[in-house]
Amino acid sequence: MAIYVKPELCKGCKICISKCPFDAIDMEGKVAVINEKCTACGTCVDACPFKAIIRDDSGAVKKDLSKYKGVWVFAEQRQGAVMPVAFELLGEGRKLAESLDVELAAVLVGDKIEGLARDLIHHGADKVYVIENELLKNFSTDGYTKVIDQLIGEYMPELVLFGATHIGRDLAPRLAARVDTGLTADCTKLEIDPETRNLMQTRPAFGGNLMATIVCPNHRPQMSTVRPGVMEKFKTDTARTGEIIKFNAEISKEDVRTEVVDLVKIAKAGIDISHAQFIVAGGRGLKKAEGFDLLRKLADALGGEVAGSRAAVDAGWIGKDFQVGQTGKSVKPLIYIACGISGAIQHMAGIQKADVVIAINRDPEALIFKSADYGIVGDLYDVVPKMIDEINSRK
Amino acid sequence: MKVIVCVKQVPDTNEVRIDPVKGTLIREGVPSIMNPDDKNALEAALALKDKDSSVHVTVLTMGPPQAAEVLEECIAMGADEAFLLSDRAFGGADTWATSNTIAAAIRKIGDYDIIFAGRQAIDGDTAQVGPQIAERLGIAQVTYVQKIEAEGNEITVQRALEDGYEVIKANTPVLLTAIETLNHPRYMTVWGIVEACRNKETKVWGINDIDVDPKDVGLKASPTQVKKTFTPSPKGKGVVFAGDAKEAVDTILDELKAKHLI
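If you read the protein sequences in the order shown, they are chains P and L.
Numbered according to my numbering, the first sequence spans residues 973 to 1367.
Numbered according to my numbering, the second sequence spans residues 5 to 266.
Be a bit skeptical, because a hint or two may be false.
As the list claims (entries may be wrong) - Reference excerpt, derived from the structure (chain L facing chain P, CB under 7 Å, subset only):
{"no.": "1", "residue": "Lys-6"}
{"no.": "2", "residue": "Gln-145"}
{"no.": "3", "residue": "Lys-207"}
{"no.": "4", "residue": "Pro-227"}
As the list claims (entries may be wrong) - Chain P side only, calculated, beta carbon under 8 Å to chain L, not exhaustive:
{"no.": "5", "residue": "Thr-1011"}
{"no.": "6", "residue": "Leu-1123"}
{"no.": "7", "residue": "Ala-1149"}
{"no.": "8", "residue": "Val-1151"}
{"no.": "9", "residue": "Lys-1161"}
{"no.": "10", "residue": "Ile-1164"}
{"no.": "11", "residue": "Thr-1168"}
{"no.": "12", "residue": "Asp-1327"}
{"no.": "13", "residue": "Glu-1362"}
{"no.": "14", "residue": "Asn-1364"}
If you are wondering where the hints come from, they were derived from the structure by calculation, not from laboratory data.
Because the structure is a prediction, the values reported are computed rather than measured.
Here a beta-carbon is modelled for each residue, glycine too, at the ideal position from N, C-alpha and C.
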């Protein structure tokens, strides 16, 4: 697949150059030429008024992909507990499996963990593949890659989802290289193209300044990682039944070249804003760390949590764990109240899934008013106390 | 000990803005920088060299000709040797094709004990190229490394987790990916800058210089393809209250109550 310019049709108008997100078009004389930065995104094809830029799909080699069937979710467990992201992936995987009309399976790897399988079925899995071995007790890139590669070879899924945890982001790329397929990281939206049955994987690019939809049309399985907190869990149904399949994978001590000699847990405050129903967030406009005391009162009145923009975190007013945005966490509260936050696109990327966004900012031109459901132009130190009073008086 | 560090030149994405009218990226004036995590990776390699001057540090990047700039920066920080993989054929590569090309170059460089890479690059945030290079070279990997101790051919590292860390032992050869908390990268030195200008030239390799099938590099070898790009769509424009704050608060809370959100 590639993008070409037909020189005889190019009028040298340079519209394509201004539209190209990747700086991938140069002028050579009076004709546009695609350079090596091109990712074949096709923006220029649509932008050219003279139809001088064309996409050539003929180079694609079609392999027999029809043997690959089913949606899989890697059910990451640590010390015998399934990570919350695995349940979120089952929720998303359920939708994808239904639109493809195939089964949803969970892949459970570890030592003495078969007991977790039932819960995965209750959360939406039709099948659970269980791989148990004492060598798999702790995660290792070598061990987990080896056994899941065998499982994929045996059962041939068309699609495998991983949580973008520190483990998922270590395992998935290695496994994708081994099974010789593509991988798309940190997807925020997954859909099936009804025509081709390809997975359309949408993710932020350029630090969240741009969204890209990525496909993997000629390789199977299609693989994606999804960040924790982005997808919705499937409603638990303890009456659901499914099949548990034990898979005997070959693995020996020599296969695992790294050894976990210690595991150190660092206690955290225990609050995870990615699951909060109500979030009151502060930004640069707070001007001081004490501003969060006020926001905390509003959060308490709502029964929610406080969070910060990158500016507030960089200023040291609130911890990194509470940062919302592209480089922080994605949140999906019912109500998100942004106080003194300008609304940089990196921040907005983290609150796309908020049901209602309320913005309080002194600057009537603040970007955040363009995408907030409700905006209040005013000093947050004036508005927030009024909001607290009003909420408390309505209780 | 021989160490190879993989680095990438990236646009400083914090400086990238969207043209609100045209909906396109504004690239003018956006500086190119060495990817931050890669700087931590280089620092880790240079720290090994500080302890043992026989450690040889090679830096490697793939990119357009101007990517040589980051290699010069690496040499000015203290790296011994630099290679730039640059060829039109390599362009448009996803992580599959990128790791294939870089692994071929590492095989040609030959001798290595540790390969360092940054955890991820800020222009793509995939964190995939490091592990995929390790896979293609058939060596062990440890990602998210926040502390390193090397003793002979045995490496002990801390691998950061979301809620703590693991202590992991591995033998060389191994690929490690560095995160920000691993160290504080040093600055370029005057002597290093002189070295970069005079004595240590970046070697440029094209597709014919490394042992790789032309079918397995660049855009055409990439399993993943960008189907379309778009600027994130803001939610529909809402209501903005500019008058009395109390009134605004009342109205909003009434509406939220009506929607059963509070």
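Hint numbers not upheld by this structure, sorted from lowest to highest: Numbers 1, 3, 6, 8, 9, 10, 11 and 14 - these are the hints that the structure violates, sorted from lowest upward.
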